[in-house]
Structure formats: C-alpha cells, structure tokens
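Colleague: This is what each chain is made of:
2 protein chains.
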Amino acid sequence: MTTDAPTFRRKRVVIVGAGFAGLWAARSLRRAPVDITLIDRRNHHLFQPLLYQVATAGLAPTQIATPIRAIVRRQKNVEVLMAEVTGVDADFNEVILGEQRVGYDYLVLATGARHAYFGHDEWEPFAPGLKTLEDATALRARILLAFERAEVEPDPAERARLMTFVLIGGGPTGVEMAGAIAELAKKALARNYRHIDPGASRIVLVEAGPRLLAQFPKDLSESARKALEKLGVEVRLGAAVTSCDADGVSMGDVRLESRCVIWAAGVQSSPAARWLNAPQDRAGRALVGADLRTDCHDNVFIVGDCALVSGKGGKPVPGLASVAKQEGKHAGRAILSMLNGQPIEPFAYTNYGELATVGRKAAVADFHGLHLKGFIGWLVWSLAHIYFLIGFRNRIAVALDWTWSYLTFERGARLITGEAAGLSVRKHARSEAATDRAAE
Amino acid sequence: MTTDAPTFRRKRVVIVGAGFAGLWAARSLRRAPVDITLIDRRNHHLFQPLLYQVATAGLAPTQIATPIRAIVRRQKNVEVLMAEVTGVDADFNEVILGEQRVGYDYLVLATGARHAYFGHDEWEPFAPGLKTLEDATALRARILLAFERAEVEPDPAERARLMTFVLIGGGPTGVEMAGAIAELAKKALARNYRHIDPGASRIVLVEAGPRLLAQFPKDLSESARKALEKLGVEVRLGAAVTSCDADGVSMGDVRLESRCVIWAAGVQSSPAARWLNAPQDRAGRALVGADLRTDCHDNVFIVGDCALVSGKGGKPVPGLASVAKQEGKHAGRAILSMLNGQPIEPFAYTNYGELATVGRKAAVADFHGLHLKGFIGWLVWSLAHIYFLIGFRNRIAVALDWTWSYLTFERGARLITGEAAGLSVRKHARSEAATDRAAE
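In the order they appear, the protein sequences are chains H and X. Mapping the first sequence onto this note's numbering, position 411 (from 1) lands on 411, and the numbers just tick up by one. Mapping the second sequence onto this note's numbering, position 423 (from 1) lands on 423, and the numbers just tick up by one.
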C-alpha cells in the first residue's frame, strides 16, 4: 500500500462525523476531483430521529443504523476511517487522531452534539440521556428491568417508585419518549405480569418552560399536551428540576419518587469549536457565518449540531436532521466553488416543516402555517420518517414493523441485554411460594 | 399482594431455564391444576440455532430472541421470574436465588450448557465462544473491527493476521460460522474498503477429529467439507489445538497467526447436577434415567443440555433443540402422571432428522437415511428454521431478511456496538494523506 510519492496530488477533503451533515457533505462532492476521507468513531450512521423507538423497544438497533462503508460503497473518491478525532491542528492543516495525524486541504467538521446537564454532570447516572445506540439499549434495559423488579417487589412504596417514569424536557425527544413509554406500559406489556398492572404506571413529563415543543406554533404544543394526557401521561409545565438522585427528582418543593428518570432537556456541542479556538455559544456550538466558516480558517467548514448558523431575522436555525443535511450539502458545494475559483454562495436554510409524534395515531406537524395533528399528523410523520431512513432495506423493515405494531400493539424488541442485564432482579426476588414457606 | 395463607394450595412446579426444554415443560402443563414459576436470568428466550447469524451480521438480536413473558402471556398458571438460581436445597424442596428461596413441589432443571475449554480456560479471552446474545454481538464487533483495522494497517504481516479467521471445532457451529464468515467477507463486504480486499481473507476451520459434523453420516460430512472449500474455507482435519494466544493458535508444530480465533469446540453443562449432588459425566451433565430423574430425588427432573439421557442402544441422545423440546414436554407429562397417581412413561427420543447449513444454497440434512445436500438441503434447512422460530412476527422478519440477503448478498446487521466499540482502530489509524505528509 505504500506507493511512491505522487507528482500530482488531488486535493484532500477530510470530513469528521458521518451523521446527516457529514454524509451529505460527502455526497455533494461525489463528482468532484477530490479525495475524501470520512472519519467517524463508529462504523455506522445513526438515524437519530428514531433513536427513542430503540429505547422503548419498538425498533431494533440494526433498523436505524447503517454501516457508513455500505452507504458510500459506490462513491469511489471516499475512503472511510473508523477512528476518534482528538483535535485539529489548523496551522498545519491536520486532523489529530491520538498519536496519528491526517492532513487536509479542506476540512468539514460535523461532529454533532451530546446531551448536557447544564453544569450538573453529577445527575447523569440518575437521569441518563439518549444520543447513541448504547444509550438506547441501556435505557431499554432500564425501563424493562423496572417492571421486572416491580413484579417481585413486596413493598408498595418501592413498587410505585419502580413504576414511575420521569422524562425531563418537553422538546421532541421528551414528548416522543413519554408517549412511547405510555404505550409500551399500557399496551405492549398488558397481561405480561401476574403481580403488577403495567397499565397503572405513572409517566410524568417535566418541562421548565411554559409549553411543550417550544419551537412549534402554540396550537400544536397544546395538541401534543392533550394527546399525551389522553395516553395517561402527566404533563408538568413551568417545573424546573433542582436535583436528581437515585430515588427520583425534585423541582423545588415538589418531589417525584422514581427509579427511572430520563434526561431529554439539553444538548452540548462536541468540541469542534474548541479544537479551532473559534468563538462559541453557551452550548459549545461554533458561531459560523453564512459561509459556514469561522473568521479564522478559510478552508474549514463547521456544519450540523456543532455549529450555530443564523437564519432569517438573525434567529438561529434549529438542530434538525433536515438542517444538518442542507448545511452539509452547502459545505460540499462551497468547497467545489473554491476549487473552481468561484465565490461561495451564502447558506440559506429552507424550512420544509417540522414534525413530532406523540404516539400511535397522534403527531403534530407544521408546514409553513399548515398545522396537522392527530391521525393525519401521524400518517405524515410515519411516511416522512420511512422516506428519510437511509437504505431501502431499512425502510421496508421499519414500515413492516410499524404496521405490525399498529395492528397488534406489540413491541418486537423487548430485550434486556448488555451490562444492564447484570442488574438482575435477584435482590428483590420473591414469589408467592417463598412467602408461603415464610408464613409456615 | 400479601394475602392470607390459603387453606388449600395448588402444587407448585418450578422450572429453571426458559430455553427449549424449560418452555416446552411449561407448555405441556398449560391445562394442569398447578402453579408454575418459570425462572430465567434473562428476560428472553433465545433461538440458539441461529445465534451464529447474529455473530456474522446476518440477523439482528431481536429477530432470534423473544421476551419470555410474551411467550407465556396467555398461559395463566405461569408466573415468570427474572432471577439467577444459585443452587437447590433438595431436602427442603427449595430453589436458592442468592439470599431468597422459592419452594417447589416439583422441580424441572433446564439450565443448559455453555462453551468449555477442556481445562484451558486461559484460552477464553483469545478464542471467545458463542452462547448468549452478548457473545454474538461481541463476536460481530470483533470480526468487523478486524477488517477496520486491516484497512488502516501498513504492516503486511499484521494485515494478514487481521484478515485471518480461525474457527476451532468442526461441529455444526464451527461449520456454520466458517461458511457465514466466508460469505460476509467475500460478498457482503465487497467494495466496502479502499486499501484491502475482504475477499482475500483467510478462513480456516480446524477440527481435531477425522471429519466435520461427526454426528452426521460420512457422505454428508464430505459434502459439507466440499461446500466449505468451494466458499474458500480451508478445512484442517485431525488438527488438535495445543495453545491459543493473542496472536493466533498452535496445533503442535503448525502455527496459524490470527487476530480473530473463535471457539466452537466444546460445551460444559451448567451446574444442575452439582446442585443436586447427582452423578455427572465429564461435561458436567447429570446422568438421568429414562424417567429424566436421578435416583436421589423423585420430584426433580433434569432436561435439555444439562442432562445426559441414553437413547436406543445406550447411545446418548444428541444436544439438539428438538431433543430439548421432547424432554421438556416429557417432564411436564411425567409431573401430570404423578399428580394423577399414574406411573411415569419412559422417555423415548424421536429422531426427526438433523440439519446443518454451510452457506447460501448449501446445507446438509439427514432424515433417517434420506440424505439431502446442496440447494435442496439449504431450502429444507431454511424452512425448518423459520418454522421453528418462536413468534409469528420473528418468522416473517427472518424470512424477509433471508430473502433480501439471498437476492442482494447484503447483510443488514453490520453494527459494531457495546464495549468492543471502544476497541477503536485509532492506534492503527493511518491514511494516505498522513503518509503523504510523512513523505514530504
């Protein structure tokens, strides 16, 4: 593989991150005379909008993840590198991978974001968040184990704690998780237990602001709240969490006892801005101009959830998959323009609409003032998500799974695996037979 | 849930293990006037015959596992307990779960087996085996990471080591894994890499005995060997492994350098016999009579892979799913006979035939002297496995996945997840760009 140093070398574009922004950047350069190195620490692209369905046993991890290599297999000018980037040396035009370095002529940083605890990182073990497949399968095990433990728990107070689920954050993730847990408990787990009724679970959605889905129009926020309440979810607005511990959460004087608290309240950007010493906002996002670059580095583009771009009227564009795709595509085209000595067009975000689902037959959608809700909203949501899923095969598999779940209320992915499976219910193990003997 | 002590108590049957034997024991008691406690340390029943397909990225874990509670949901006399059994106190008729105990009137032990290293447990980290879903996803990550590392490895000797896969053991698991890895490398991964050709991987199947699939008739062993060799698998017979380490395996003077050695050579029973102080064979299986009981305990049945039952002519019955089901069913019926004061019928194993697959369009099947091979054998194998998969939904999902793979050669489950994902290829990270600069 070691070849003689070439006398002519094509320009190298390094793209860090194979999420929506990174993949679309690579795709937009498919006919460009460049060599692309696409670096990601995982071997798969993740369809994050459906991650909550893995966490609630609706879909399998393989259904929302596709190997990056398989996606770009036919794009000959891309090589994929599975490695973790630890920094950027912009003076030498190099990306740092631990002790190794990869040189670039153009760099696209699309490293995304993780959930954040606003200075309360000590809450993480008690209120895990949801960004990776491992997060999702760990949450799935946590939710399912709560029911296993409740089934064998003699103390009613502890049983109630085990059957209380608290979602912190009323954005799309919190709303979707709350609805999905309610449906899991009330439908899919029905008749599965002998000592508890999963349908009697308490599911609480806590939001610090005055309404759910703040980025949606007010009437749709209200529809989402009503749909959740119809599913039996308790919605608490204007309630800011002040502490999290192993037994539950507190919001000032109000206390919710729960063994399963889930964090859906905030995100923190990956350190792309820090790598470049670029100006950033409080969430760590790099402040980039309409050309998707910072002032310091002409050949570095920052796109997706690790960048903060202003849209119309100076309002930041939202952190959505469709935005990330548009930004990635724009960065690719900007590189093409630079190669051809042409000026870079300013990025303009096209809003195709926003969607959030509450559960079976209920979703909200906003298309430029056209507000859809209920069953119609849900149909549009389902079709849109199937359409955008990468890979023909996954589209079919997900469509079939959803049809199946819709018809039967079943969930196909109720597995407790991984480390969490070691959290056996043994300590709490109890059965009627054991009680019989104790009473003798 | 705490009720007054009942004046009349139905007999309690405790079943430990929800594999094929345990589930079929529970099912055969579905109309019996007993209370059944089905204990398993996992929340899911695993369709082990297809586990190798999860390890080779063909199927998702959820497709071959079903929640135990969902399976017995409608059988009202069963309660499911997710807990780990640590022993049996046969004098007091109690199963021990750590500090807790569950009393029984009848006990069915169906705790299965794990892979074993014949006194060489130190080989396990270098040659992992395949018994649980976690084993399978860890193996999947190990196999896929080997290619990721080879892609960025500059040293040809190390690259060859990374692209060599050694399967130890020529039974059904070894044969099926070897065929599946060959197909993965030569078909599904084709065109996915830029610096290596996965099709040039070396796959070696090592068997100590004189032929593959020793329990099959000789002509079918020969067919399997030929089919594997056609797929490019090197088959080495009469080769006993004498040492395993991080760099490969030795068989006497012969050395195979490999970073991915997989153990498929032997099983060790779970400690059911030891719990009862019952006589056992070398693999730890309890020696039971035709009534599936040991001499010591009239109300304890041992079934499945943790028991050794003699068939016709004193030959032990094989460790197959169909045998486990028959034994479980028989134990259930024997308990019914005891309840009714009737004698227990002796267990008689009905041989429905044996199947093993080598890969796409190649399998061997033996039905009482009717030997099938090649495409016909594969069709029979596919239909049989889909038929026996628990759960209508999983049957459809697997059938569709196989049809898809058959038509496209693709694999749908190529994910590197879990702890193994931390085994990043970073240390080996290298790209042409990095070399370029080094050469400058």
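Hints were generated in silico from the structure; no laboratory data involved. Watch out, some of these pointers could steer you wrong.
Identical chains blur together in the list; that is why a pair holds if it fits in one copy or across any two.
DSS-like, lysine-lysine: derived pairs with alpha carbons at most 27 Å apart [unchecked claim]:
#	residue 1	residue 2
1	Lys11	Lys329
2	Lys187	Lys131
3	Lys218	Lys76
4	Lys186	Lys11
5	Lys76	Lys186
6	Lys315	Lys187
7	Lys187	Lys329
8	Lys76	Lys373
9	Lys218	Lys11
10	Lys315	Lys361
Colleague: Run every hint past the structure and note whether it holds.
Modeller: Going down the list of hints, with the structure as the test:
1. For the homomeric pair Lys11 and Lys329, the shortest alpha-carbon distance inside one copy (18 Å) is at most 27 Å, but the shortest distance between copies (68 Å) is not.
2. In this assembly of identical chains, the alpha carbons of Lys187 and Lys131 lie at most 27 Å apart only when taken from the same copy (26 Å versus 32 Å across copies).
3. Proximity of Lys218 to Lys76 under the C-alpha cut-off of 27 Å is found in neither arrangement, the shortest distances being 47 Å within a copy and 47 Å between copies.
4. Neither within a single protomer nor between protomers do Lys186 and Lys11 lie at most 27 Å apart by alpha-carbon distance, with minima of 57 Å and 32 Å respectively.
5. For the homomeric pair Lys76 and Lys186, the shortest alpha-carbon distance between copies (19 Å) is at most 27 Å, but the shortest distance inside one copy (49 Å) is not.
6. Taking CA atoms no more than 27 Å apart as the test, Lys315 paired with Lys187 passes in neither setting, with 41 Å inside one copy and 49 Å between copies.
7. Proximity of Lys187 and Lys329 under a CA criterion of 27 Å is satisfied in neither setting, with 42 Å inside one chain copy and 31 Å between copies.
8. Within a single copy, Lys76 and Lys373 get their C-alpha atoms no closer than 44 Å, and across copies no closer than 40 Å, so neither meets the 27 Å cut-off.
9. When the C-alpha separation of Lys218 and Lys11 is checked against a cutoff of 27 Å, the pair qualifies neither within a copy, at 49 Å, nor between copies, at 60 Å.
10. Within a single copy, Lys315 and Lys361 get their C-alpha atoms no closer than 32 Å, and across copies no closer than 59 Å, so neither meets the 27 Å cut-off.
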